[in-house]
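Q: Here is what each chain is made of, one letter per residue.
Protein chains: 2
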Amino acid sequence: MLEKTTRMNYLYDFYQSLLTPKQSSYMSLYYLDDFSLGEIAEEYGVSRQAVYDNIKRTEAMLEEYEEKLLLFHKFKERCKMIEHMKELLKTDSPHAEISELLEELEKLD
Amino acid sequence: MLEKTTRMNYLYDFYQSLLTPKQSSYMSLYYLDDFSLGEIAEEYGVSRQAVYDNIKRTEAMLEEYEEKLLLFHKFKERCKMIEHMKELLKTDSPHAEISELLEELEKLD
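From first to last, the protein sequence lines are chains Y and F.
If you count the first sequence from 1, position 21 lands on 454 in my numbering, and the numbers rise without skipping.
If you count the second sequence from 1, position 106 lands on 539 in my numbering, and the numbers rise without skipping.
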């Protein structure tokens, strides 16, 4: 569950601009502010089931966007390369290897 | 016009997975393969006006996606940083400056 929460937080971060304001509010309250479904339902004067359905649909949309655009996947790849370059910078002669990583980074877009 | 074509090529590249198959075909023929509106219309057995309207709507959609997700903008920023790092790697002591650029690169996502 924690892994799913982390993933949803990232996907929400990358794709929230593509959601409706209501989808965005429910996701933000549920995943970022840790509200329960019941609390969100009360806040909006709707049923718990309505909030649940909306959030499930939004989660599926975020996964679909990720399948199409791979922003989270590429972000993780870039982070790995950047970390690797930082490590290389601490060594004595990092030039050739960093150059290679920069080439890879360019191709990732 | 050339500048617009280049921009549309990039936006199409970044967001084509979000288009319908028809939108994608028209855009690809018009912008990548340099077909005229008339030629696309003939190919699909529709009016020139229908192709024109579809392409205009798709262009607007691509610009909307870019406004929301900024993938092309971030891509250009990353390219600039990577070029800068490549230049720095050719100099004698690039470490500190490259480290700074890597930090900036991380924040861009």
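Mixed in with the good hints there might be a few duds.
No copy labels: a pair is met if it fits in one copy or bridges any two.
Stated by the list, open to error - Straight-line C-alpha distance at most 30 Å; calculated DSBU-like pairs for lysine-lysine:
(1) Lys437 x Lys501
(2) Lys540 x Lys455
(3) Lys507 x Lys455
By construction, these hints were calculated from the structure, which means they are not laboratory data.
This structure is a prediction, so every number in the text was calculated from the model and none was measured.
Q: Next, verify each hint and record whether it holds.
A: Here's how the hints hold up against the structure:
1. Taking the shortest alpha-carbon separations for Lys437 and Lys501, both the intra-copy value of 19 Å and the inter-copy value of 25 Å come in at or below 30 Å.
2. In this homomeric assembly, Lys540 and Lys455 come within 30 Å of each other (Cα to Cα) only across copies, at 28 Å, whereas the closest approach inside a single copy is 36 Å.
3. Taking identical chains as interchangeable, the C-alpha atoms of Lys507 and Lys455 lie at most 30 Å apart whether they share a chain (28 Å) or sit on different chains (27 Å).
Consistency note: the structure conflicts with none of the earlier hints.
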